[in-house]
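Number of protein chains: 2
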Amino acid sequence: MPAALHMPEPELIDHAGLDSVVYLRIYLTGLKIFVPIACLAFTVMVPVNWTNRTLEQSELTYSDIDKLSISNIPTGSNRFWTHLVMAYTFTFWTCYILKREYEIIASMRLRFIASEQRRPDQFTVLVRNVPPDPDETVNELVEHFFLVNHPDHYLSHQVVYNANSLSNLVNEKKTKQNWLDYYQLKYNRNSQSKRPSMKTGYLGLWGKSVDAIDYYESEIERLSKEICKEREKITTSSKYVMPAAFVSFKTRWGAAVCAQTEQSRNPTIWLTEWAPEPRDVYWDNLAIPFVSLTIRRLIIAVAFFFLTFFFMIPIAFVQSLANIDGIVKAAPFMQGILDVDFVKSVIQGVLPGIALKIFLIILPSILMMMSKFEGFTSISSLERRSATRYYIFQFINVFLGSIITGTAFQQLNNFIHQSANTIPMTIGASIPMKATFFITYIMVDGWAGVAGEILRLKPLIFYHLKNFFLVKTEKDREEATNPGSLSFSTCEPQIQLYFLLGLVYAVVTPILLPFIVVFFGLAYVVYRHQIINVYNQQYESAGAFWPDVHGRIITALIVSQLLLMGLLSTKEAAQSTPLLIVLPVLTIWFHRFCKGRFEPAFVRYPLQEAMMKDTLERAREPCLNVKDYLEKAYAHPVFTNENKWDGSDDGVSDEEWPKEPTLVATKRSSRTNTPARSQRSESKRSLLHVTDERSCP
Amino acid sequence: MPAALHMPEPELIDHAGLDSVVYLRIYLTGLKIFVPIACLAFTVMVPVNWTNRTLEQSELTYSDIDKLSISNIPTGSNRFWTHLVMAYTFTFWTCYILKREYEIIASMRLRFIASEQRRPDQFTVLVRNVPPDPDETVNELVEHFFLVNHPDHYLSHQVVYNANSLSNLVNEKKTKQNWLDYYQLKYNRNSQSKRPSMKTGYLGLWGKSVDAIDYYESEIERLSKEICKEREKITTSSKYVMPAAFVSFKTRWGAAVCAQTEQSRNPTIWLTEWAPEPRDVYWDNLAIPFVSLTIRRLIIAVAFFFLTFFFMIPIAFVQSLANIDGIVKAAPFMQGILDVDFVKSVIQGVLPGIALKIFLIILPSILMMMSKFEGFTSISSLERRSATRYYIFQFINVFLGSIITGTAFQQLNNFIHQSANTIPMTIGASIPMKATFFITYIMVDGWAGVAGEILRLKPLIFYHLKNFFLVKTEKDREEATNPGSLSFSTCEPQIQLYFLLGLVYAVVTPILLPFIVVFFGLAYVVYRHQIINVYNQQYESAGAFWPDVHGRIITALIVSQLLLMGLLSTKEAAQSTPLLIVLPVLTIWFHRFCKGRFEPAFVRYPLQEAMMKDTLERAREPCLNVKDYLEKAYAHPVFTNENKWDGSDDGVSDEEWPKEPTLVATKRSSRTNTPARSQRSESKRSLLHVTDERSCP
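First to last, the sequence lines map onto chains A and B. In terms of UniProt numbering, the first sequence opens at residue 1 and continues consecutively. In terms of UniProt numbering, the second sequence opens at residue 1 and continues consecutively.
Chain A with its partners taken away, still in its complex shape (with noise of 0.2 Å):
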């Protein structure tokens, strides 16, 4: 683990991509931030909290911690100045560091696509509602739209199929290969018995018996055939063609020009924007129309406000059945053993939060099905869609949820009947009694979940459990092996709930600043060890997910100043309140600035750099012929792979990801073509499974 530590960011770059790079100075960014505030907030105001007498005065019982804690300050007290004084230090210090990660990181992702090899799509535009004509297939009227549009740039372009059909028979095909290869081995091993039979029903329980290895291997010719006709129905019947494409041109300036600017007179069809990855596609929602997607967003909106605010009923409703009544009127049979004290309590004691747990271990997938559904075409924006969700999620149900006891429904009617300033004050005033909850959730919940992180505890029950039921072959085991990679979706929203309990707590007892370092700390070591030496990298988005990032730690310090704001007012200290409300418009302005200065990075493809890359390449290699490099980058992963699968073995032919030449060679380009291709489609199907298997922080 120490090396890990020594490894310097430009080699980190290069092995475990910028994404990967970006996740880990999210850390580095709380401990930049938290680091000096907790060293402030103990000189300060810990022996400004500490010497007073209040509580002692008071009757209500106290931990020493809350001696600490802004609670010991009588109220209408001018010692409340110094908090004030504290959160305006707190708040330009967070800002000046964020502005400061701002710039390097959007200095970072343009290095690195500056330095970066030549990849397919910096030369590719995603275009979508190619409007339906009646004269011409997608094929020619792309052509003709970009020939007449685009005349000096346009270079070829790749229509996009729905090849859904195809890669479920290539899919089963596959399987059937698996099952072929074990019968193999299994009378290989035992060469002296008979040949292995099995029935042809399902799951082999009934059905004629007849020899594995030649129904598999009929099986798999049968297939075979089946899949080479229907690629060809594919790429011959135009029913299969939809409408968008991939559209490719001859310099990085051309495709820079088309992503960033409006094609028709009609702004919802012939919409262009940049081409995900090839293996960041997600191939599904490609042909959605622009109504349809309006009303989807719509749709989901509106279910993500009923997931958010009334998910505890169903779980309710699961919880009253699934008691011990429930179950003994579904199923009288299991009387005799319900009776039994001990299954009785465990059944009593277990079952009423199973379903919550059940609940909140598939709301990642839940989060991340929305998403799909509303209809994002690549896997880095459904996961940022995704994360952003469950930071919502977060917030109302686990930090305000915690604070206010109660279901976030509760919260929501309660705040509708409180008017605008008591609500700060509402959440305000119970913040510093729950900080002791905190500090054991950051324990508990951080700590442990980064311990468990660096013995991939989960991982690691879920490979034997697998390894046990479902490995027949060494391609099985290989990938129940996979480590998956980093999940942002699911990860990056917690990080940002400790960003959020730091800034929260930071005035108001600082005893919690310890424990975020740690975690941070912690958290930093562990995962920038698992980045190099376990995770694989999925797709490259050059640390697209950074606005997100930085958007939600302002939203924790809006929040933060909100609620020091009503717990101040409570406090009898109401002369604060319009040196405070200054904070927020601050810091909301300073989020336009930043938005306006550094977004743009994160968005948009400047010009400069790519005629700089353009001339750059043109002067190496006069005679590139960059038509035969794009040709076949975006096919789907379905016509590309499928020799692979054809073929026994699990490594990745050359020609299929257009390869640089070699003047240019990095250490990266051997990173980026294997393992991460060798899972493209795989991974993408099963990511809804891989978010679950691994413990975030």
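Keep in mind that the hints were calculated from the coordinates and are not lab data. Every value quoted in this text rests on a predicted model; they were computed, and no experiment measured them. One or more of the hints may lead you astray.
Treat identical chains as interchangeable: a pair holds within one or across any two.
For lysine-lysine, the following DSS-like pairs were computed, each having C-alpha atoms within a straight-line distance of at most 30 Å [claimed, not checked]:
#: 1; residue 1: 613; residue 2: 595
#: 2; residue 1: 250; residue 2: 627
#: 3; residue 1: 99; residue 2: 229
#: 4; residue 1: 99; residue 2: 372
#: 5; residue 1: 372; residue 2: 595
#: 6; residue 1: 613; residue 2: 250
#: 7; residue 1: 357; residue 2: 329
#: 8; residue 1: 229; residue 2: 357
#: 9; residue 1: 239; residue 2: 344
#: 10; residue 1: 176; residue 2: 344
Given the coordinates of chain A, assemble chain B onto it according to the supplied hints.
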């Protein structure tokens, strides 16, 4: 006037520009929305409301109007279902009309842009925040940057000079020239008399006496020399060059690309946007750097907040000073006059209101100044921003202020201390009571305003005042007669108030609707007449303000829905709340749908369109020299207009505005060139005054 109604739309566009036509469509939209709503409300809701005896049985005083309103329905009655259904109907109808109008106007805008003659702004992009460079001047820097990054499309550029001092000199010369004309006229008219003499001191009151004609001739000569010197200084010295430039491209396609894309790694430099029309440019704001811009925005946001909520404080202060005691104290010699009863009562009656009245008259100017400080670069965007602010001010201080009496600050204070669900209830409950007030308001402010507009009362008074005091020569008289252009920034927000009233009262007190309909009908006819026969067009933004208009009508719709929800819940029809809450959600979704569907047509310029025009042009005029055409288009007005002021005549030289070749000449060309152009520089400078001079509906 009847002739004005017969003019078909295309001719009207030719005659008065698309902006005016789209402006008229606001009234038309009002009619389309409210005529069917009024009919439906009268057939359905008037009987439902009328056939109750709630008000008769109550002890409240009520008028017949109240009997037609929702107040007449007993609390908890099932009749509220009618209102609910009507709210749905009205919402859907309004949305349907809004969508259709947006569609029509977007296509009108695109057709207008497509059919238009060649204009310099189609080829030109405004580049701001050119970074300072130690080695190169701005001029060289711009050229190199665009030669590198847009090699195939860059044509030329025009740096922006800081010509404020030159512009002052030119103005001074113009005044002196005017005096010279005056004296020469005077001398010629009574030719027997001696040559006119004058004094050189302040306002001609003291100083040594000189021959007026000689004096002014020598002065003009001196100024001409100074102007020459200054002009040379500006064009040669680099310190007059501002870090901004108008960059022209060979094709519309090139300009469209440059305007829509990110140029540099650092998103705060090399900012590109569409160049406004030459006469639409607001020259003073071209050189504001990015950081300064964001700070200005913050300052103005805070200032506007205080202006809206606290404007009563300084006015109350002035009012307290401006009473009789205050005057006596400040000017004891007035004592005698003030003791006269008549004078006393007039002062006591008039003075308190006068400070408020003056404030309201100069409010649009204050808002315009704010927008100017904020740094917008075109007059049209300045007007749009001012209109938004004026609308917010009116909404809070006129609409809410009339419903809940009290200053905006008191309301704000109340709202902070009320819960989110009681705010609509408080406002909603007092809405039916204010119907009579608003009917009066519509008649006094709306109808009378329109009547005043047709008589042009205010301009008439101003004209006579000016004629009496200021006019010396024919040129002065011409300027005084100039009717100016329609002031979008003050008129549009006032129309929006009627949309708001109509939508809010449609369900509550339908008797208000006919008044609204009459207002829209009257205003449509009158403004159509005025636009055709009176106003000059100052600039052409091709209806760029429609998204704002649309957004504000949507806001009004949502406000009406929320208030109805509040009102019904005070009427103990609480079961309606869940049904009503669906409406704002749907409306917001509808707004977002429209934004995605239509707004790009107003902010971006599709490449398809640009390419089509380029191709057409190339076919028609293969040897067109765009460079010559664009050479002087974006020179500071002081450079191009200067020769106009040199020569005594008011006509515009043909070279000034590069002319379209006769091949595609249309009616518009003559209009575009002459009258608007001649007032360009003056009207811009006197914009603040012009906006006050016009009465609005």
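Report task. Find the hints from earlier in the document that the structure breaks and name them by number, from lowest to highest. Result -> 3, 8, 9 and 10
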